[in-house]
Each structure stands twice: as structure tokens, then as C-alpha cells.
Amino acid sequence: MKSLAELDKLREKLQDEMRLREGREDVKVVVTMGTCGIASGAREVLTAILEEVSKRGLKGVTVTQTGCAGLCHCEPLVEIERPGRDKVIYGHVDEKKAREIVVSHLVNGQIIKEWIIK
Amino acid sequence: MELYRAHVLVCAGAGCISSGCQAVKSALVESIDRLGLQREIKVVETGCMGPCDLGPVIVVYPEGVFYRQLKPADAVEIAEEHLLKGRVVERLLYKAPEDGKTAVTSDQIDFFKKQTRIALRNTGIINPESVEEYIARDGYRALGKVLTSMTPEEVIECIKKSGLRGRGGAGFPTGLKWEFSAKAPGKPKYVVCNADEGDPGAFMDRSILEGDPHSVLEAMAICGYAIGANQGYVYVRAEYPLAVQRLSLAIEKAREYGLLGESIFGTGFSFDVEIRVGAGAFVCGEETALLASIEGRRGEPRPRPPFPAQEGLWGKPTVINNVETWANIPPIILNGPEWFASIGTEKSKGTKVFALAGKVNNTGLVEVPMGTTLREIIFDIGGGIQGGKQFKAAQIGGPSGGCIPARYLDVPVDYESLTRLGAIMGSGGLIIMDEDTCMVDLARFFLEFVQDESCGKCSPCRIGTKRMLEIVERITRGEGREGDIELLEELGQSIKSSALCGLGQTAPNPVLSTIRHFRDEYEAHIYHKKCPAGVCRALMVYAIDEEKCNGCGRCALVCPAGAVYGEKKKPHRIDLEKCLRCGTCMEKCKFGAIYTI
Chain A
1 MKSLAELDKL REKLQDEMRL REGREDVKVV VTMGTCGIAS GAREVLTAIL EEVSKRGLKG
61 VTVTQTGCAG LCHCEPLVEI ERPGRDKVIY GHVDEKKARE IVVSHLVNGQ IIKEWIIK
Chain B
1 MELYRAHVLV CAGAGCISSG CQAVKSALVE SIDRLGLQRE IKVVETGCMG PCDLGPVIVV
61 YPEGVFYRQL KPADAVEIAE EHLLKGRVVE RLLYKAPEDG KTAVTSDQID FFKKQTRIAL
121 RNTGIINPES VEEYIARDGY RALGKVLTSM TPEEVIECIK KSGLRGRGGA GFPTGLKWEF
181 SAKAPGKPKY VVCNADEGDP GAFMDRSILE GDPHSVLEAM AICGYAIGAN QGYVYVRAEY
241 PLAVQRLSLA IEKAREYGLL GESIFGTGFS FDVEIRVGAG AFVCGEETAL LASIEGRRGE
301 PRPRPPFPAQ EGLWGKPTVI NNVETWANIP PIILNGPEWF ASIGTEKSKG TKVFALAGKV
361 NNTGLVEVPM GTTLREIIFD IGGGIQGGKQ FKAAQIGGPS GGCIPARYLD VPVDYESLTR
421 LGAIMGSGGL IIMDEDTCMV DLARFFLEFV QDESCGKCSP CRIGTKRMLE IVERITRGEG
481 REGDIELLEE LGQSIKSSAL CGLGQTAPNP VLSTIRHFRD EYEAHIYHKK CPAGVCRALM
541 VYAIDEEKCN GCGRCALVCP AGAVYGEKKK PHRIDLEKCL RCGTCMEKCK FGAIYTI
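Here the protein sequences line up with chains A and B, keeping their order. Residue numbers for the first sequence follow full-length UniProt numbering, so the first one is 1 and each next one is one higher. Residue numbers for the second sequence follow full-length UniProt numbering, so the first one is 1 and each next one is one higher.
Simulated from the structure, these hints should not be mistaken for laboratory data. Keep in mind the model is a prediction, meaning the values are calculated, not measured. Among the hints, erroneous ones may be present.
Over the 12 Å line for every Cβ pair with chain A, so calculated as not near, a few chain B residues [unchecked claim]:
#1 A103
#2 Q115
#3 G261
#4 G384
#5 D436
Computed Cβ-Cβ distance ranges for the label pairs, DEER-style [said to hold, decoys possible]:
#6 E114/A with Q69/B: 37 to 43 Å
#7 G20/B with K87/A: 40 to 46 Å
#8 Q245/B with R85/A: 44 to 50 Å
#9 L10/A with D107/B: 25 to 31 Å
#10 K95/B with E114/A: 46 to 52 Å
#11 K96/A with G20/B: 40 to 46 Å
#12 K87/A with G336/B: 22 to 28 Å
#13 D107/B with A39/A: 34 to 40 Å
#14 E44/A with Q69/B: 21 to 27 Å
#15 K96/A with E81/B: 25 to 31 Å
Output of the computed footprint for chain A on chain B, the stretches with three or more beta carbons under 8 Å from beta carbons of chain A [unchecked claim]:
#16 4-13
#17 30-44
#18 410-423
Every residue, glycine too, gets a C-beta built ideally from N, C-alpha and C.
Only chain A is shown next, with the shape it has when bound in the complex (with noise of 0.2 Å):
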């Protein structure tokens, strides 16, 4: 360590992962990983997710997972909560679709409407 600056570009990459520990997040991406889920390929899309998310260094995205939301026939479901703005659900997300709603709807802000279940 040579300088403060160094402390405080270093501190900012650690501070990503931490912040899982506060509740603070801006973005959140819930993948449905019940056993229907699961059974999909919802491992697949959530690990993808997660790469995709750390290779890029979005800062304030957590990436989460919950039980069956009940649209067994349209897993795996990608959820994507943003604070005051409804809930967007995609369905039949595979890894490939994965990457694409991280690129497209986290980077760019573009939400791919024909994948989401209305």
C-alpha cells in the first residue's frame, strides 16, 4: 500500500462483496430454485448469473434465490426487482438467455419483453 488512493480503489472492489451483509442492495435477482426449478436448469442460469455479474463488476446487484412461485411450467423464472419499479419475471431462461438479461436489462437498462411472462 502506497497511498490512500490505493486503500480506497482497493476498499471499493471488497465493498461489493460485502454489501451482501447489509441488506443495502439498489437490484435484485431472484432465481426460483425449487425442485421444478432445480429440474429446469435453474443452477445453470443462477451460476451463469453470477459470473456474469462479477466478470462485469455491477456494484449493487445481489443475486438470490427463493423457493417454487408456482409457474412450474415456465422454469426456470429469473425475477428482477428494482426499488419502486415493478417486478419484472422472465420465464424458460436458459444460460445463454441468462447472460443476455444481465447485459440487457442490468448494464443497459433494456428489458427483453419478449422472454417476460405476463
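With chain A held as given, fit chain B onto it using these hints.
Quick look at chain B alone, frame taken from chain A:
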């Protein structure tokens, strides 16, 4: 650091380690591996989270779900249900003892809700073995701020303005202490951390060192800059192996990152810390004895003045502060002295950590603002007295402190109010006693402790407390005489005014304060030969209720002294001349016919 979707925090404070958290953690890690979740879920060992009686505990983030009293099999279930499928395991959640309400997250539990955590801000939240996690929570930023934008005088002024006082016992203003050392002639100067926590029942210093060692290192470096010192020592007792181990690792990591060592942050200021392990003598918590021990001499106190701030380690100006005091420094620097001074009472600022022990439902570590009442600490946070019994008194400040009876439950706890009641803040050991505690016996316990630990250098402490112990022991044996109470008071006062060091001067406190608040109990022992709480064995009289006794003869069979006699199938009696007051007969009687008077 990698991004994970969940963090599982496993409390690895010494309390949870002894209740088996390591086995729980291995079961958890194994299950996570078996389920293939290792890339998604991170398991972190933290320092003490506080609720030690609920251990082993884990918290699952981001939800913050709090699980308690876990066994390895429970950990497997949590992994399969919660971590894999996102279903909270209801059965392992905390239930409030009063109303049986279930709390999902820790902030729904009274024990946590009513606390304000400054010194314990990171303990139980970060992995103490990871400097990265400390940095992520603003670690070493205070040191950076001090080194790059403040003069040493400004640092001292900031600490003075905050109103921070020493958390180790006497409550001397910390900023003033720093100023004395900064102005004292003589070089080199030293910074010392007193981690020789010896009060029975107090363990906040250990928990901070185990749970957040970097906060102490950072604070010591800040002080080093303020007073012009380049070397620090942490004096910690060998009975705290985990604290020593985590602190050593922290020093190593800090050096690796250049946060200790030569020219920190490229400012030209150098500071390093070394550990000195003590053998665990109680007197070495006294600052002059502690310094002597660091120097390699016999751990005995010397008269003050000169105070260590002027002539400390190797005769050089030395700032010596207690662990908890150090842990308060970085937040004060970062948030400003006004912020700190806004918490607490007029003369006692900030928070205090208490180690709750004894007959209270939730034992463990709690941090509350100064001025919180004992009632809030014991009943709101502590969850009340075990078994629904009556609260009798709280012993605060260890062997140097005193007892506070029930009628003062609503007095705000700060340095001044405790001194007025004949107790002291001390290091913050808080032992809660119910109606079954004998205050004379309690005084005897602490006197015995002081007698054991007296270094023997000055006669008031060495001989005086011995005489006091003899008198108190006599009273508990039922041989108390008229005038004993007055004699104890006189002896106590002269020891207080003539002993050499702080320990001797406060050694009579447990006796004096119990006489002050529970004089009637002493009188009952001396004049009526009775122990109201039924603790002092020699004063107990066992008797048999002839109505309940059916003459089964079991009591006569188990009595080691052959003191129970009587015919079969007829009520028995106890020969008090032979009775040893061991209580075996009472224990074995199936009909509850034996009672004490």
C-alpha cells in the same frame, strides 16, 4: 474477492467454539460441496456475535436469517433446505422466551435490536482473519485520513473533544492521556494495548481481539502518529490462545499490505506492533505492573506518579489503553468527535460493552449507549432472570467493583452513577444474581480471588485482604461476632487509602458495597446465625416434616454422618450435632419431606 449469492456467517468466538461450532461448520461445508454450491455460497468464520448462550449460531445473508443452537445434522438441513431450495428452516430459528414468537432475522430479536455497536461494529460480521473484509468496512481509512490530512495535535484534539474515556477501569479521559504523552520529553515513545483482561466474567477484550483485531492495530497506529511513537506492544494473556493467534495473523497481514511497517501510505510515518504474552497474573492488568512485565521484570506495580504517560515503558512516555478503548478510536476519527459525543450521558460519552453473565436468560456480549439503565440491560436485552426468579443484585466491575441492588435498577449506568453507588464501571463484567445468592458468600468469593492474586508487594493488600477474608469466612461459618461489620468497614477503608496500586485500593469494594446495600444479610449471619439465601452451609438447619415423611428410610441410608434416625415406617429425625449440612438427604427424599430453616 469473488461474488457469491449468499454468505453464511458462522460464529467462531470462543463461546461457540466450545459449544461445537467447528463440527457444525464442517458439516455445512461438506453439504455445500456435496450439493455443488461452493461457487455460489461462501462460508465465513467470524468473531463473537454476542448471544453466547444460543451457540453455535450462524447467520445467512443476504436475508440475514439467524439460526441458533445448531448441531451438525441441522447444518446439513440448512444447506439442503435454505441454501439449495431457498426455504428457511423454521424449526431452527430463535424463539423469544417470553412469548414464544419466532424471529427470522437477528434484527427482530430484542437482544440485538436494543444495542448500539461501535466497539463491536465488525465483531461477528467480518472474518477476523481477512484484512480485506476489514478494509471493505472502512478499515484503515481512519489511519489514512489521520496520516494524510491531520496534524498530530488535531488528532489529539479530536479524541479529547469526543469525550472518550478509558474502558478498562478508572475511566480516565483518553485524549488527555495522549496529550500528556505527546508533550512529555523523552524519546522513543511507546503505545501499549492492555489486553490482560482478568476480571472474572469479563470477556469483551478477548472477543474484540478474536473478532476484529485490525481495529486495535489501526487505533494504535493512529495514536503512534499523534504522540510520535513508532512502536506498539499488545500485552495479552496466554489464556487467550485464539486471540493471540488471530492477532498475530492480523499483524502479519497488515505488514503485508503495508498498513504497518515503514512509511505507511507513503507518508514517511512508520509504526509496528509486537505481541507480548503474559502468564495471566491478575495484577498484570494494572498498568505499571503490565509495563514491568513487558520489560521482562517481575509483574509488580509501582507507585504513581510518575504516570506511564510521562515515564512508562523503559522510562519513556507511553500511552497505555485497554482493547475496547482502542476499538472506539477509528470510528471517532471517521465520523467526527461530535458524533461520538452525541451518544451517552453528559460526562460519559459513547457506548460500553458489557459481558452479561450469571442468572440471566441471554448471557453474552452486549454494547449499549452509556446511560442505559440496568433494567434495560438485564430485562430487555438480557431477557430477564432465569427460571422467573427475583432479581437481587448485579455485580459490576469484577473484584474492584461492587453490587447494585434491585432498588437502583433504573439508575442510568455511567461512570459517575456507578461510583456513587459504590461500584465501578471496571472493564464491564456484569454478573446478575437472583434471590438464591448470598451476598456475604459473594463478598467472600471476590476476597478469595483478590487474596489469591495479590502480588504481595504492599502490606495493606497482602495482609489486609487476608484479615478481611478471615473475618468474612468466619461470618459465613456462623462464628461472626458483634463488631465484625464495623471492623470490616474500617479495614476496608484503610486498605483503600493505603494500598499501592489500583487493584489493592479497590480490593475491599466487594465487601464494602455488599455491607452498604445488604447490611441486613451480614447481621442475619452474625446475630441470628442465619443465611437468608440458604447458601452458607454451616448456617443451615435441616429438618424433616413429620407429616410428609413416611419413614422409607432412604435418607438414613444415604446420610454419610449417620445423623438421620428413626424407626421404619415412622417419621425420621435429624441429629443436628452429627449433621454435616451436606444436603444429600434432601436430594434423595422422594416426598419433599426434608427442608432447611
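- Message: Tell me the hint numbers this structure goes against, listed in increasing order.
- Response: Hints 3, 6, 12, 14, 18 are the ones this structure does not satisfy, whereas the remaining hints hold.
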